[in-house]
Each structure stands twice: as structure tokens, then as C-alpha cells.
Amino acid sequence: MTQNIQRTASAAHVALNLAVRPAREAEPPMPTLSLPDGPAAPPLRVLAELSSLGREFSEAFESGDPMLVLQAAASRIRTARSQTAQATAQGASATARQELHEQLAALERAIESSKTAGIFDVFVKIGQAIATVAGIVASVAGAAFSGGLSVVGGIACAAALVAGAGSGLMQIMEVAGANIDPGISLAITAALAAISLGAGVAQAGSVAARGAQAAVGAARAAQSAAAIGRGAASITAGAASVLQGAATGIATGFHFDEANHRANATEHSNRRESALDRQTEATDLMRNVLQAYQRITSRISATLSAQNQTTALVVANLARA
Amino acid sequence: MNDANCLQSALREVLAGRLTPADALGVSASAVRGLYAMGVALHERGDFERAASVFRRCVLFDPRSSSYWIALASARLGSSAYDEAGEYYQLAAILTDDPAPLAYAAAAFSRAGQLDRARALAADAAARTRSESDLRPWLDIVESCNPVEGRPS
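Line order of the protein sequences matches chains A and B.
FYI, our numbering numbers position 200 of the first sequence as 200, with every residue one higher than the one before it.
FYI, our numbering numbers position 103 of the second sequence as 103, with every residue one higher than the one before it.
I should point out that these hints are in silico values taken from the structure, not numbers from a laboratory.
We treat Cβ as the ideally placed atom computed from N, Cα and C, and that holds for glycine.
Any given hint could turn out to be false.
To be verified - Partial list, computed: chain A residues near chain B (C-beta under 8 Å):
1) M30
2) L33
3) P39
4) R45
5) L53
Throw the hints in and build the complete structure from the sequences for me.
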């Protein structure tokens, strides 16, 4: 088969760049494949990133079994979540320490400036510095406990895939609530179908396409129904059929939920321990801040005392004069 | 935020299209694009099976991209899996306002012998395109099909 596939880096959609390969008789021509928007990583970096997913993920993908892919993805996400939590805590702690040191240095400067500034101004500056440090500690604790977007996304991915495989799209939609894009959710389920090799794919994809077509708008759905000529299909039925076609045999002997629950319990326990560690760390930070504050206060008192003595001395000298 | 709330809000992100599975797995968008470029290179060499394997990963990482679905469809077309190619083209059409994938799907289905479906899709594509001549190579495939055998005449 003659090839004339041109790769371009333009942002134009494939369909807008319709250079046509000379078609051999009876073969549909292929559209030109172009690269989507944005930079593309070189092959070595691509391989490095994909290998970071782990051998389990790669083997699952090679197997063509979508459920193995789901399990590997869920495992990967759990691991990533744990690592992200640790990295967040460590990073936040280091940042907090750095900022704390900076703020303490600012306090030292405030003390020095007390020799020339009024006492009230000094207290204002110290109060601001203390409030800033306390805010940093609080925000570190908050960030560590709440997690980041990537963690949330990871859970979402696992939940969407697992819930979809187990109970169909309707359950996902019920859980997720409003603002669901039917095209995207169908694309996600169909992506699972695409993983699976064999004759079931086309059939599953067919139902998915019909279901999605029916979901993307009344006018377009009517056209699709006519085009397909097999009647309207609901998005739920479409998704369920995709999953049935793509994940044949998933239900048999599949104990992912149970394993997932056990993993969640362990992870929850680990998170509590990690949270306690961070609380202890935050407490230590606050203790350091308070000690610094006490030192500063005592130095200010000493300064005030010295000023009073000076004032008294000046007054006495004036009186003698 | 507990796990249930976390899951619920996260599901909204994925299903609303604000997050891709690649994001969730920690794979960068540039890496997915790089993977796609590798697939295109395989496709150019005529290694359609391996190209399809790569493109399957691409659609898993970012199922919202019509380009990845089109690429997967084209790879399957190269392996003469016309039914499958047609389904993927049609799925790509869902994700874009461009009617071109409908025409691609029509041509693939006509080659697979699904003539009624192919003609209806071709008519849909022709009605929605602003430049029918751009789609003519694919529409011609459909129009030239033998209604009995399902093969271009």
C-alpha cells in the first residue's frame, strides 16, 4: 500500500488538512495525519515517562485485556497518590522552613531598626511577621492534608474506569452529578474498548458511536439515527454495550473492589500517620516561632529599659544643669 | 476532603473534560504527543499493527482528541479492518464539529459492505461540509459502491 502520510506540526485538525494519498483501487483514501497543538516529547523522553508507569502497566497493555489495564492504572494512581502526598509534605516543609528563616531574619532586622524607630512601629512589624509565619505554617498543614489536583485526577481516572467497567456509565453519571460531557464520557469508555483486540471491538464501538451520537444533540442525533438505520440508542445502553464488548469476562473472578477497599484502608492508615507527623512538625515550627518571639520581646524590653535609663540620666543631668 | 468526596469531585473533572487520564497517570501531554508522533512514524512505514497499538495508548491517555481516534482508525484501515476503522472514524466525528471524519467513516463502511450506513453518513457529511470538494475522494468511494456486493464498482 502506497504511503504518502505527511506529518505536520500545524495546529490544524487532521480533517482540515486533506492531502490525499493516491488511493489504490477499491481502497478508501487515508487522511493526512498531523500533530496536534503543542510540543511533542522526543522518543527517549516518551519511553522514559511510559516506563515510569511500571512494568505492570505495560504488561497489562500488551495483554489487550482492558480490566488488567484498569487494575494497573488504579495501582499506579494509588502509588502516585502516596508519593505525591510524601513529596507535598516534604516540599511544603522545606518551603515553610525557608520562609520561616526569612521571617525570623526580618524580625532580627526589626529589632535592629528599633534603635531608630518608634517602639509602636517595631511592635507592628513584629506582629506582621508573626502573623505571616503562622499563616505559612497553617497553609502548609492545609496543603498537605488536602492533596493536589493530580491526586484528585488520579482518583477520578481510577473511579471513572472502574465504576464504568463494573456498572456502566449511568452509575458514573449518578456519582459525578451534573456537567458531564456525553461525548467525552463515551470517548473514555470507547478508549477502553479500543484497548481490547479482536472482533468485539468493532461491535462495541458501533454501539458506543450510536449511543454517543444520540446524546450529542437532537438534530445530530436524528441524523445519526437515520445514518445508522438501526433506531435510536441511549447513551447508557451504548456505554454499557461498549463495556460488555470490551471487557468480556471481567466479572468472573474479579475481586478488584474488595482489594481496593483493603488498599484504601491501608492507605487511610498511612495517611493518618503521615498527617500526625506533619502536625508534629507544624507544632515544632510554631514552638520555634514562639521562642523567637519571646527572645525578641525580651530584647525589646531591654531596649526600653536602656532607653528609660538614658532618659532618666538625661533628665537628671538637665536637672543638675 | 474524604475519599468519597474526593472521588465525586474528581469524577466531575474527568467527565466534564477538564482532566485526561494521562493527567491522572502522571504522563505529560507532550509525552502523549510524542507517543502519537512515534505512531505516525510507524504508520508512515506501513507498520499499521504497531501503529494501531501506539494509537490505542494515545486514545487511552487522551480520549478527547479526535486526532488520535482518526489516527487509530487510519491504522486499522491500513490493516483492512474496515468495520473497526469506520467505528473509530465515527467516534472521532463525535468529538469534533468537522464533518470530515463522517466522510472517512462512510468510505470505510462502504468498503466493509455496510452500504446503507455508508450512504447515510456520506449524505450527513456532505450536508454539513462547507467544501464538499474536500471530501469528494471519500464520498466518491461511497457513491461508486456496488449495492449488491458492497464493493466499489
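Going through the hints against the structure:
With its C-beta approaching chain B no nearer than about 5 Å, M30 of chain A sits inside the 8 Å limit, and its interface hint holds. Below 8 Å, beta-carbon pairs count as interface contacts, and L33 of chain A has one with chain B at about 5 Å; its hint therefore holds. Taken as an interface hint, P39 of chain A checks out: its beta carbon lies about 5 Å from the nearest beta carbon of chain B, inside 8 Å. Using the Cβ-Cβ criterion of 8 Å, the hint placing R45 of chain A at the interface with chain B is satisfied: the shortest such distance is roughly 6 Å.
Below 8 Å, beta-carbon pairs count as interface contacts, and L53 of chain A has one with chain B at about 6 Å; its hint therefore holds.
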